[in-house]
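Peer 1: Residue numbers (the numbering used here), protein chains in the order written: chain X, 1 to 57; chain E, 1 to 243.
Quick caveat, the hints were computed from the structure, so don't treat them as lab data.
Check each hint, because a few of them may be wrong.
The calculated lysine-lysine pairs, modelled on DSS-like cross-linking and capped at a C-alpha distance of 30 angstroms, are [to be verified]:
id: 1; chain 1: E; residue 1: K158; chain 2: E; residue 2: K240
id: 2; chain 1: X; residue 1: K55; chain 2: E; residue 2: K88
id: 3; chain 1: E; residue 1: K13; chain 2: X; residue 2: K57
id: 4; chain 1: E; residue 1: K88; chain 2: E; residue 2: K13
id: 5; chain 1: E; residue 1: K88; chain 2: E; residue 2: K195
id: 6; chain 1: E; residue 1: K236; chain 2: X; residue 2: K55
id: 7; chain 1: X; residue 1: K54; chain 2: E; residue 2: K88
id: 8; chain 1: E; residue 1: K155; chain 2: X; residue 2: K50
Predicted, not measured: the structure shown is a model, and the values here were computed from it.
Spelled out from the first residue to the last, the chains are:
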Amino acid sequence: MFNFAFNSLSEAFLMQSQNGQNHGFFVWSVVVIVFLCILSTFIFYKINIKKLSKKLK
Amino acid sequence: MIKKFIHQFASPKTYIYQVDRAYSYIFYISLVLYLVSIFWGLFLTPEDFVQGNSYRIIYLHVPASFISQSLYIAMAIASAIFLIWKVKLSVYLVRSIAPIGAITTFIALISGSIWGIPTWGTWWAWDARIVSTLILFIMYLGLISLHDSFSNHEKADKFLSILVLVGSVNIPIIKMSVEWWSTLHQPASITISDKPAIDLVMLYPLFGSIVGFAGLVTCLVILSSKLQILRRERNKSWIKNYV
Chain X
1 MFNFAFNSLS
11 EAFLMQSQNG
21 QNHGFFVWSV
31 VVIVFLCILS
41 TFIFYKINIK
51 KLSKKLK
Chain E
1 MIKKFIHQFA
11 SPKTYIYQVD
21 RAYSYIFYIS
31 LVLYLVSIFW
41 GLFLTPEDFV
51 QGNSYRIIYL
61 HVPASFISQS
71 LYIAMAIASA
81 IFLIWKVKLS
91 VYLVRSIAPI
101 GAITTFIALI
111 SGSIWGIPTW
121 GTWWAWDARI
131 VSTLILFIMY
141 LGLISLHDSF
151 SNHEKADKFL
161 SILVLVGSVN
171 IPIIKMSVEW
181 WSTLHQPASI
191 TISDKPAIDL
201 VMLYPLFGSI
211 VGFAGLVTCL
221 VILSSKLQIL
231 RRERNKSWIK
241 NYV
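Next comes chain E alone, as it looks inside the complex (with noise of 0.2 angstroms):
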């Protein structure tokens, strides 16, 4: 039942149009959040006590890093559906992600790198939770080289999700890189089971941030996976009628 279900809803043809429908409701109530919750952050929040107003960077390294994760996760899981069901839609999407993953993580190294000169007094260190970073960006990189290196699009499918699932041992890895280790970059400010270590008032736009930027990113992987159909169905007779 859940095959049918799946198999039903998720053709490449009935997301293709849904998604198009959702698509500009997403990206302007998403740009508008990410717009006033930046704004709201760089010039309506106090000065931090310790950081001063470098900590200001929180509201576009901290989105950008929490997704640049949360997109490894999706992937892991549109894989585990495609090697269990073999819906193609899902293995679209992994492709379609890894570079948006790979731009957030991108984001994420370089904002933290510029945090870094005035907050440890240096731009790199080799420390757990960057240094895993940084191999969730070669991770995206390799991912999409080895997607696009085969003739044979069954096979690197087939690769690609089986590798995915592999690599996703280093989302954990770097989540709790700062508690395994001792490292420069600070704990987590936000856990579910304590209470935040960040003030109220710094907290509610670095929500808006994060939830903004997941919706842009959202509208990012919508792009990207409508170009990954039209190449990959191109010959299918539905593709002329969408165009």
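Just chain X, same shape as in the assembly (with noise of 0.2 angstroms):
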């Protein structure tokens, strides 16, 4: 169950299915967009809280 589903980085990253094709490019894509929404609405909501806390104290 846990073992690596690659033999090293470069595999990992190519993510090359037994078909031939490589996955990686349509899956790292993923990764990034999906992290980059999470981590710029925390940053949004976590400024615009400060800002407001601030005008109002």
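Two independent chains are provided; combine them into the complex using the hints.
Peer 2: Okay, structure coming up:
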């Protein structure tokens, strides 16, 4: 259950499937987009709460 | 009695102090769970026999898609509470959830489109599941714009709640679209009544990523609702003590 699916970092980056296609580009693009969306939303709200709290003080 | 209970415990002041206490616990537990599940899904699960390695997008796409619909259901419940019991906090929550719902739906659409390229050979199809999800995204944006276009908050809150309830008809359509129509999108892999169509080795990290993502989204809703409360209750005396 806990065996690595890839033998090296470059394999994990390319994610070559048995049909010979590299799916790494698609998977890693989604990972980057999702993490950027979550992170930027957290930053947006944190900054706005801080700004408003300062204003209300 | 229910009305008294709701009004006592659902005041913005009580809410903001309670969520402040819970925020850090929810955030760190969810973050660890989400990261561990994503790592597990990306590196420790075997390749899918049909889709190859592109199926690993499931660990990011499914949580976003599931949560985008769940957030709308939460908005509909909060809207009903506002319309029935006139609880201010519930309409603040409706307005706070809408942008987070838009972001999760955006993630679901984008990740689905990228997944579609290696799987279907196209990034977009006018398919019932995809179109109904796009409608959900437009609805979230529409609800935000509608609420912000009013200068009278009371009117805006009422219109927002009614429209959220009307729009909730889209949720069963999204859910059932893969069964009612012939679609490119695959049917649900996990259902309450049947055995999951996905192997347990792949299912465990999927559950972890859904729960972890739900926790992170809860934290975002907490932040968004805090901002909403600070804006709407700025003239109240307790706000001065809080900030």
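Peer 1: Look at each hint and say if it fits the structure.
Peer 2: To see whether the hints hold, each was checked on the structure:
{"no.": "1", "hint": "E/K158 <-> E/K240", "in the structure": "28 angstroms, holds"}
{"no.": "2", "hint": "X/K55 <-> E/K88", "in the structure": "23 angstroms, holds"}
{"no.": "3", "hint": "E/K13 <-> X/K57", "in the structure": "17 angstroms, holds"}
{"no.": "4", "hint": "E/K88 <-> E/K13", "in the structure": "11 angstroms, holds"}
{"no.": "5", "hint": "E/K88 <-> E/K195", "in the structure": "42 angstroms, violated"}
{"no.": "6", "hint": "E/K236 <-> X/K55", "in the structure": "14 angstroms, holds"}
{"no.": "7", "hint": "X/K54 <-> E/K88", "in the structure": "24 angstroms, holds"}
{"no.": "8", "hint": "E/K155 <-> X/K50", "in the structure": "29 angstroms, holds"}
The earlier numbered hint that this structure contradicts is number 5, and it is the only one.
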